[in-house]
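Asker: Once you've looked at the hints, dock chain B against the given chain A.
Chains as they are written, first to last, in my numbering: chain A, 1 to 135; chain B, 1 to 135.
Check before you lean on any hint, since a few could be wrong.
[Claimed, not checked] Footprint (simulated), chain A over chain B, 3 or more residues, beta carbon under 8 angstroms:
#: 1; segment: 19-28
#: 2; segment: 40-50
#: 3; segment: 116-125
[Claimed, not checked] Have a look at the derived ranges for each label pair, beta carbon to beta carbon:
#: 4; chain 1: A; residue 1: Ser65; chain 2: B; residue 2: Arg20; range: 33 to 43 angstroms
#: 5; chain 1: A; residue 1: Arg74; chain 2: B; residue 2: Asp34; range: 20 to 30 angstroms
#: 6; chain 1: A; residue 1: Asn14; chain 2: B; residue 2: Arg20; range: 33 to 43 angstroms
#: 7; chain 1: B; residue 1: Thr17; chain 2: A; residue 2: Arg28; range: 40 to 50 angstroms
#: 8; chain 1: A; residue 1: Gly47; chain 2: B; residue 2: Met38; range: 34 to 44 angstroms
#: 9; chain 1: A; residue 1: Glu4; chain 2: B; residue 2: Arg20; range: 17 to 27 angstroms
Derived from the structure by calculation, the hints contain no laboratory data.
Each residue gets a CB set at the ideal place from its N, CA and C atoms; glycine is no exception.
2 protein chains.
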Amino acid sequence: MNIEFKTIGFIRTNASTVPRHWTISDVRGEIIIDKEYMKGLKDIQKGQDIIVIFYFHISPEFAVSDLLQTPPHRNERLGVFSTCSPMRPNPIGMSVLRVVDREENILHVTGLDMIDGTPVIDIKPLTGLKKDTAL
Amino acid sequence: MNIEFKTIGFIRTNASTVPRHWTISDVRGEIIIDKEYMKGLKDIQKGQDIIVIFYFHISPEFAVSDLLQTPPHRNERLGVFSTCSPMRPNPIGMSVLRVVDREENILHVTGLDMIDGTPVIDIKPLTGLKKDTAL
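Okay, chain A solo, but in the shape it has when bound (with noise of 0.2 angstroms):
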C-alpha cells in the first residue's frame, strides 16, 4: 500500500552542517509553514517544545543492506528500527525542537538536525512524552 503526504512548509537555517540527532543540537533555524494551514500553529507557544515529523529528502534510497547499521558513535551493527539514521524503509524524521518565537507562519526553533530546505510533514504536541535530562 502506497500513502501519498504532502509537504506543509520546510527548514530554513543558515547552518550549514547540522549534529545527527536533536538532542545534542543547538542549532536555530525557523519552520516555514505554508501559509494556508497558518492557523493550525495558533496555539504553539513560546518555550515549548514540538515534536517535527520531516523527509529525509536528500537520503539515498534504502537498500536491504540498510536493515543492519553501525550509527556513527556506537561499535555494533543495530538493526535499523533500533536508530535514528536517514536511511530507513521510509526516510521519515522526527525531532523535538523548543519553539523560541512565533510569528505569523514561521516558527523560530532551536536543536536543528535537519538541513535547510527540509520538506516538513507535521508538527504534534509532545503529549505524554518529556525530554530525557538525564542524556
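Answerer: Here is chain B on its own, set in the frame of chain A:
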C-alpha cells in the same frame, strides 16, 4: 511537493474500540512487520518503549475547517498542530507502545490507540525522550 511512503506492516488487535491516546491505553495487540524488513527489528527488546509512526487510514479528508478543532477531552478550539487529532493535513500518527514480546516479524505490544488493520510506516527508538509519568 508530494512524498510517497509505503506500508511496512500493520496493527492487529482484537479490541473493537481503542482509547483516544496511547497514554491512557492498555490495549494489547501485535505489530506485524513485512518479512522483508524483519532483520531491522533485531535489537528491539522485550519491555522497551518504541515510537510507532502510522497512517490514519480511515480518517476523513482534511478540510480547512479542521485547522481549529475541539479535542474530545478539552473545552476549547485548538490549532490542529497542538492536537493529536487524526484529521490533520497529513493523516500521520505517532504512538509510544510497550513491547511485550518479539517473535520473528511480530512485535507483541501494549498501549494501542490505533485500530485493527492500521498501516505502520516506521518504528523508532525513544532516544532523548521518556514517558511523562506525572500524567
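Asker: Determine for every hint whether it applies to the structure shown.
Answerer: These are the hints, each one checked on the structure:
1. Check on the segment 19-28 of chain B: 3 of its residues sit with their Cβ under 8 angstroms from a Cβ of chain A, so the three-residue criterion for coverage holds.
2. With 6 residues having a beta carbon nearer than 8 angstroms to a beta carbon of chain A, the segment 40-50 of chain B meets the requirement of three or more and the stated coverage holds.
3. Under the rule that three or more residues need a Cβ within less than 8 angstroms of chain A, the assignment of the segment 116-125 of chain B holds, with 6 such residues.
4. For Ser65/A and Arg20/B, the Cβ-Cβ distance of about 40 angstroms falls inside the hinted range of 33 to 43 angstroms, so the restraint holds.
5. At roughly 26 angstroms, the beta carbons of Arg74/A and Asp34/B sit within the given window of 20 to 30 angstroms.
6. Restraint check, Asn14/A to Arg20/B: a C-beta distance of roughly 40 angstroms satisfies the suggested window 33 to 43 angstroms.
7. Checked against the hint of 40 to 50 angstroms, the pair Thr17/B and Arg28/A passes, with Cβ atoms roughly 43 angstroms apart.
8. At about 42 angstroms, the beta-carbon gap between Gly47/A and Met38/B stays in the expected band of 34 to 44 angstroms.
9. A hinted range of 17 to 27 angstroms holds for the C-beta pair Glu4/A and Arg20/B, which are about 26 angstroms apart.
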